[in-house]
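Novice: Take a look at the letters that make up each chain.
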Amino acid sequence: MQWKSNFERQSEEEEIKAHGLTLDFDEIARRGAMSKEEKLIGKWYGVYASRHPGQHMARVVIPGGVISTTQARNIAGVAERHGQGRLNLTTRQAIQFHWLKVGALPDLFRELAEDGNTTFHGCGDVVRAVTACPMAESCPYKRLNVRPWAIRTQKALNDSRDLDNLPRKFKITFSGCPAACAQPYMNCVGHIAVQRGSECGFKVVIGGGMGWEAYVAQELFSFVPEARIIQVTRAIALLYRDHGDRFNRQKSRLKFVVARLGIEACRQKILAYLQQEGADTAGLSWTPFEESGRPFPDRPLALDSTVGTDGRGIVRVMIHQGELDHRPFRALAELADIYGDQKLYTTNRQNIEIHGLEPAKIPEVEHAVHTLGFETDGFYTLRDMVACVGTTYCPKAVATTRDLHALLQAVVRKPEFAAIQKQAIINITGCPNSCSPYRIADLGFRGMRIREETGSVEGFECTLGGDQQKHGQKLGEFKTPDIPEVVHHVLTTFIHLRTPAETLTRTVNRVGIAPFQKAVFS
Amino acid sequence: MNYPYCKATNPTEYSVVEGLGETAKDQKTLAKDIPCQAACPAKTDVPGYIEQIARGDLDAAYRINQECNVFPGVLGRICTRPCEDACRHHWTNTNGPVQICHLKRSSADHLSRPPTALPGWFPKTGKRIAVIGGGPAGLTAARELIRYGHAVTLFERRTTLGGMMLDGIPRFRLPLPTIKAEIALIVSSGIDVRTGECIDAARLTELEADYDAVVVATGTTLPRPLELDRPTASPPLPAGSIIPGLDFMKAYNDGQVTGLKGDVVVIGGGFTAVDCARSCARAAKRLLGDGGEVSIMYRRTEHHMAAELEELEEIRLENIQVRTLVTPLGLVTENGALSGVRFIRNKVQETASTGKPAILPIEGSEFVQPCHTLIVAIGQEQDRSLLPAGLTAGEGQKTNRPKIFFAGEFLTGSSDVIHAVAQGKAVASEIDRVLMGVERKKNHVTIEQMRHMGDGETGRQRAHDLQSPAPMPLTDIPGRARDNAEVEQGFTKEGIPVAATRCYLCHYKYSIDNDLCIHCDWCIEVAPRACIKKVSRLCTDADGFIQDYVETDVSAKATFIHIDSDACIRCGKCLRVCPVGAITMRKASLTPCLANPS
Ligand code: SF4
Ligand code: SF4
Ligand code: SF4
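Keeping their order, the protein sequence lines are chains A and B. First residue of the first sequence: 8, per my numbering; consecutive thereafter. First residue of the second sequence: 22, per my numbering; consecutive thereafter.
None of the hints are false.
Estimated spans, in silico, between C-beta atoms of each pair: (1) A:Pro402 <-> B:Leu487: 21 to 29 Å; (2) B:Asp574 <-> A:Arg301: 56 to 64 Å; (3) A:Arg168 <-> B:Leu132: 49 to 57 Å; (4) B:Gly602 <-> A:Glu271: 22 to 30 Å; (5) A:Arg420 <-> B:Asp574: 33 to 41 Å; (6) B:Asp536 <-> A:Glu423: 34 to 42 Å; (7) A:Pro113 <-> B:Val37: 51 to 59 Å; (8) A:Glu423 <-> B:Gly602: 37 to 45 Å; (9) A:Lys525 <-> B:Asp536: 17 to 25 Å; (10) B:Leu487 <-> A:Arg168: 33 to 41 Å; (11) B:Arg550 <-> A:Arg88: 38 to 46 Å.
Think of the hints as simulated: they come from the structure by calculation, not from any bench. Note that this is a predicted model, so its numbers are computed, not measured. Every residue, glycine too, gets a C-beta built ideally from N, C-alpha and C.
Please take these sequences and the hints and turn them into a complete structure.
Specialist: Below, the structure written as C-alpha cells:
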C-alpha cells in the first residue's frame, strides 16, 4: 500500500475539490448512486443527500428572492414530476425539492433550465444565492431599491470562475435600510443601503454568521457608492478565497477570517484586492457618519397586506412550516398573473408575497389565498414561526423542529397572548448550523438530545432576547414535551414585565434573563 | 415540569480534565490507551518519541528514549520488543505492528547533536551506593541513583563495562561503538567506575559496611548444565569441543574464535542459541556455503523459539540449519574427539485443555547428528558465590539485609536488556525510598489539553495507517561474510517517516464531554472508522475505570456518545466537526513527579 508519510494540513474535502468541481449527472443517473466524492461535488450543483436513504434534495437558486410566474410554474412542474409534488421554502429565499431520486437529477436540471431556473451553486463552497429585502422596491423606509444590486452581484460573482472553489459557503445579503430586515449582520457580507446627506449608498458589514460560534458582522465600510458595490463584494470574496481556513471546515467561514485577522487588516487587504483588480476605490469610506434616512421602527415588516410606496398592493401568504404542494404554488402564480406583477417573491421567513396589486383588489386576492388554505396575516408575529426542515428531511438535524412548531402554535394562539403577538418572533432550528437563525429571535430553539438515566430524548436549547446585533441568552435545555409550558411561562412573564410597545428582546435586554429563568424553573 | 432533569453522570476516563491524574483509574486508562508503553518493561513513552520522529526531531526522540530506557541505540537493535506484540496496529489488519524498535534505532542513528547526560532530579544527598555489575541493570541503577542525588561506585569484574550487551550479543547485531557511546554517556553523569574488580563474599561484606546501600546486579554468568551420556571410560574430550553458549559468544566478540572447522551443533532455542549459530557461521566462513554444517537443534517447535520468523529466515539464508523437535541424549566420539551428538525426535501432543502442547519423545527415532564442536546455549544461571552466607532474597528487590538489594538477571534469572533496564530503574527508586524514608519521585499521569492544537490536528489520516511498513535494509550475504558487518543497516531517510507516521499516536486522547454533547452524531458520520459509538451503558470497575461499553444503534437508547480510544486513529476529524465543541484533544503521559526537586 502506498506511502503517505507526511502529516498534512488539508481536509479531505479540499483533496476531493482539488480533483475538479464538475460532475456528469447523466452518468451518475445511469449508475444510480453517487460516490462520496460525487456527493460533495454534487453540492455545487445544488444537490444534497437527504435524511431518507436514496433521496436527494435540490435547491433552486432564487437571486434576490424573486421569480417570474413562468419560472414558478416550471418549478411546480418539476416538483410534480420528480419531487412528490412538494416544495420547501428556505430562510434564504430559495425553493427546495426534497424527494428526488438520483435518476431524476439530469432531467430536473434540463427542465429547470427551460425557464431560466437553476440549482447551480445552490449549495457548495461558493457564493450562494444573494438575498434581499422582500419589499425592496416599495418599502417606505428603503434608501434605495436593493433588488437589482442583489441580482447583479449574484450574476457577477457566480460568473467568476476564480470564485468556484472557496474555503466554504459565502453568503451575501442586501438590506434596503438600516432596519436590516434582510439580516445583514448574520451574513458573511451584509450590504445595508444608507443615506448620507442626499446621497445613497451602502454600508458594508462582514463576518457575521450563525452556527456554533456565532458572530455579529463588523463594519467594513461606512459608505460605498452604489456603483462600486459589486467590485467591493468581489474583493471581499477574494479575501475569503485566499484567507479562509481550508483545513478545518468548521472554522473556515468568513466570520473566522474577520475574527482572526481583525476588521482593520481585512479592510487593508480588501483595498489591496480592489487596487490589484484596477477598481476605483474613490468614495469608499470607513469613518462613521450620521445616517440621515427616514427613521424606521423595530420591525418594519410586521404588517399584513399593505400598499407600498409605489402605490401598489402587497398580499403576503403565510406558508405553514415553509412547505407547500405544487398545486397551490401554481395557484399563487396564477394570482400574480391575474392581479399582480407576474412575479412571486420569497421571504427569509419562508413565506411568499404577491406584489403589484391594485390596492382595491387586495381583499379579493386575500380571499383567493384563504381559499387555498393560507393565512394572510400574522407576519413577523409569534405565529410566524420559522422552523428549518429538521429531521423531516435534513441529515444533519437532531430534532423534529416541525413537531415543536406545531406544539407552540397552540400556545401562542391562546387569547391571553393576543396583545403581544407582534412583540416577539420564534425561530426553531434542528441543529447548531442554525438554518433558522435561533439566536437572533426573541425566542430561539436549537435542537439537541438530552441524556437521561439511560438513553436520551429530543429536546431544545432555548435562548431569549436575541437580535441580529446581540444574540440571545441561554434560558435552558428542555425536553420537547416540556417546551409549551416553558414558552407559556416566558410569555406570561413578558406580559408582566413589559412596557407598552416593547418587544420581548428589548424587555430581556432591559431586565435581564433572571426573571424569566425564575418563572420557568420555580 | 421535572426540571432539572435526572441524567446519568457524565463519564470521565481520567480523574482530571487536565493536570495530574494520581488515581488508579488514571493509570489503568493510560495503560489501556497506550498498550505499547504498558507492555514495555521500562514504560517507554513510545508514542511520545515516535511523534517526535514523525515531526522530524530525532534528537528529541532520542532524549525520550534515553530517559525511559537508557540505551536507545542498543535496544533499538536488540530489544525483544514486547511493545510491538502489544501495538494497536496488531489489532486490525494493518500490516503488522509499528516498527517501534527500529524507530528507536533511527533516532540514535541520525542524531544531529551528540547526546548529553540527563540532569539530576535532586540535590546531593551525601549517601553512597555501591553497584556490583556493569551490565545493563547495574549501569541503569547507577545512572538513576546519581540522578536521585546519591554518590555511586560501580564495580565491574571485567575491564570494560557492558555485561551481556558486550559479551552476549554478536557485533553483527550490536556494534561495539553503539554500546560504548551509550555507556560513556551514563558514566559521564558522574559515576565512579572500578573495572577489573571482582567482588567476593568478603568484599561484599566490606562494601555493606562502607556504603549506604549495595546493589548486586551481576547477572547470570554460569551456564546451565546439560546432562549428556558419554561413551564409558572415554578420555576427556579436547578443550573447545563443548562450549557453553555465553562463553562462545564472549570469545567470538573478543575475536578469539577463528577457523572453526567441521560441523557445529548449537543446542537451544533462545536468542543466544541463534546468535551463537550465526556467529559460528561467520567464524567457520559457512555463510557462503563452505563445507560443514552449522545446526541449531531445539527441543520444541519453531513457534517456541525466541527468534522472530524474519530472523529465522535470515539464518537459513546464512546457511544455518534449524532442526526442531529433537532432544539431545548423548555424545558420540571418534578417536578421542567429538564426532556427533545423539538425538531423539519428539512429537507434539496437542492437548485438548488450554495447557501447552506436550513434547513427547518418539520411541526408536534416535539418530546421530555429526558434530565436531558442540555449543550448549540453553541458558545461564546466577553465580551466587559472591553472597555472604545467610544472605537471601527478600520481598521485591530487597534482601534479608537492609542495605543489600538485588537487581537484573541476578534477581530474575535469564532475561533481556529491556527487563534489566526496568530492574535497574526499579531498584534505584526502591533504594531511594528506603534511604530517604519517602517516595520522592512518583510517576503520575499528566493530562494536557492540546489547546495549541485547537483544531485537534495531529496531521494523521487513515491513509497513514494503511501504508506498507518501511523495509529494513540488510547487508547482503557476501558482505556479511567479509567483515562481520552489521546485518541490519537501519531505515533509510525515506523509510523513517513511513514507519513513524503509521503510529496512531495513542498518547492523544480524544474524548467527548457528554454534558455538552447534543447527540447530533456528526462526529460519527465523519469518523474514518467505527471509533465513536452510541453507548447505552459504560462498564466501570471499582476504580471507576471504563473497561467496556454497551453499544446501541438506536438514538433513544444512546445515553452517551463515546469515543473508543482503542479504535481512534487520532485524526481529529470529530473534534473539528463537533458543532458544540464537546470534543477535546488531550495528551496523557506518564511523568515523573518530584517532591522538593533540586
Ligand atoms: S500505534 Fe503507536 S502508540 Fe499505539 S500501540 Fe502502536 S506504537 Fe504504541
Ligand atoms: S480523532 Fe475522532 S474521528 Fe478521528 S479516529 Fe479518533 S475518534 Fe475517530
Ligand atoms: S459531534 Fe459533538 S455534539 Fe455531535 S454527537 Fe459528536 S460529540 Fe456529540
